[in-house]
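First to last, the sequence lines map onto chains A and B. Numbering of the first sequence is given in our numbering, commencing with residue 1 and proceeding in unit increments. Numbering of the second sequence is given in our numbering, commencing with residue 1 and proceeding in unit increments.
There could be a bad hint or two in this list.
[Said to hold, decoys possible] Dumping the calculated DSS-like pairs for lysine-lysine here, alpha-carbon to alpha-carbon at most 25 Å:
id: 1; chain 1: B; residue 1: K164; chain 2: B; residue 2: K47
id: 2; chain 1: B; residue 1: K87; chain 2: A; residue 2: K53
id: 3; chain 1: A; residue 1: K82; chain 2: B; residue 2: K125
id: 4; chain 1: B; residue 1: K87; chain 2: A; residue 2: K68
id: 5; chain 1: A; residue 1: K53; chain 2: B; residue 2: K125
id: 6; chain 1: B; residue 1: K127; chain 2: A; residue 2: K82
id: 7; chain 1: B; residue 1: K127; chain 2: B; residue 2: K108
id: 8; chain 1: B; residue 1: K167; chain 2: A; residue 2: K68
id: 9; chain 1: B; residue 1: K38; chain 2: B; residue 2: K125
id: 10; chain 1: B; residue 1: K87; chain 2: B; residue 2: K167
id: 11; chain 1: B; residue 1: K108; chain 2: A; residue 2: K85
id: 12; chain 1: B; residue 1: K108; chain 2: A; residue 2: K53
id: 13; chain 1: B; residue 1: K38; chain 2: B; residue 2: K105
id: 14; chain 1: A; residue 1: K79; chain 2: B; residue 2: K100
No wet-lab data here; the hints were simulated from the structure. Just so it is clear, the structure is predicted and the values come from calculations on it, not from any experiment.
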Amino acid sequence: MSEQKMAYKFLIFLLFLAPMVAQSDTSKELYSFTGTEDQERFSNLLETYRCPKCQSSSLAGSNAPIAKDLKTEIHRLIKEGKSDKQIEDFLRSRYGDFIIYKPAFRMNTLVLWLGPFLLLLVILILVVNWNISSKRKVKDLEAENIVKAVERTRLKKLLEED
Amino acid sequence: MNRVTHFLPFIFFIFFIIALFSFLDKDEDQLRSVLLDKNFPDFSLPKLESQEIVTGQDLSELPSLLNVWATWCIACRVEHPFLMRLKEESTVKIYGLNYKDQREKALKLLDQIGNPYEFSIFDQKGKLALDLGVYGAPETFLIDEKGVIRVRHVGVLTEDVWEKKFKVILDE
């Protein structure tokens, strides 16, 4: 009985894994290449460039007509023997930096890349500062207490002497 | 000094909010065209009205507008009355770029609702559109007398857009 249950559980687990294999690569069927190397380049390039219409997805993940056009265009350029750099120039001269899904490290994208780290640095400095100053306060308080205690005993002595 | 550091996070927060709000104003849909201030790309495509091949030299009456349109494009129908008005009231000529369309359908539509274009370029495969960085329709380009692209507008061309984006350049 328990073995059967285990088997069921395993089957259900397999069922949940099904979507992982369901991700078929339709672009491979539509765009044929002679060599596997070009095929791989094509797949990589589709991940590199953004769909101008949908904006938050790469060409690979988009079925918008414009994305299809660009796929066809990249396919053509690869078949013509163009290098990755030439393809990038082709796309950038038409659609601008925007077409590159992962923004390039350039002057105008500096904030994008370094901003989060700068922010983290500022926050770290602030936190450290606060810690130091609050510790100093505690120490000051301790010193004050000691002084007070000393004075109290002195007062006591004075009173007792009287 | 201590007081200032205490308020720092708050000040950062305010700046952050201001920055975010200023980004809100920017029209995200308007990708800045890299073709601005560049020559209109070369092309050689048939006319919509006939099989005759047209090239950049046929866009002869500059400055002019190039309007990307198609029968499947709903928003193009919205701006159509304004284009008709421009044709009557403005000296600027309008050329059409019929984008990924069927010739019969396109001609029929122009027959029905009127043709604001001097002629339309029939770009069935979206070749010229790709060179122009078009990613939807309607789009409107302003080409100046030197054949340089000066304005690009993505979306419906309204009177407001015309005044603010196109007229200012034309009046220069």
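Here is how each hint holds up against the structure:
no., hint, verdict
1, B:K164 x B:K47, "violated, 31 Å"
2, B:K87 x A:K53, "violated, 30 Å"
3, A:K82 x B:K125, "holds, 21 Å"
4, B:K87 x A:K68, "violated, 34 Å"
5, A:K53 x B:K125, "holds, 17 Å"
6, B:K127 x A:K82, "holds, 18 Å"
7, B:K127 x B:K108, "holds, 23 Å"
8, B:K167 x A:K68, "violated, 35 Å"
9, B:K38 x B:K125, "holds, 23 Å"
10, B:K87 x B:K167, "holds, 14 Å"
11, B:K108 x A:K85, "violated, 44 Å"
12, B:K108 x A:K53, "violated, 28 Å"
13, B:K38 x B:K105, "violated, 33 Å"
14, A:K79 x B:K100, "holds, 24 Å"
Consistency with the previously given hints fails for numbers 1, 2, 4, 8, 11, 12 and 13, ordered from lowest to highest.
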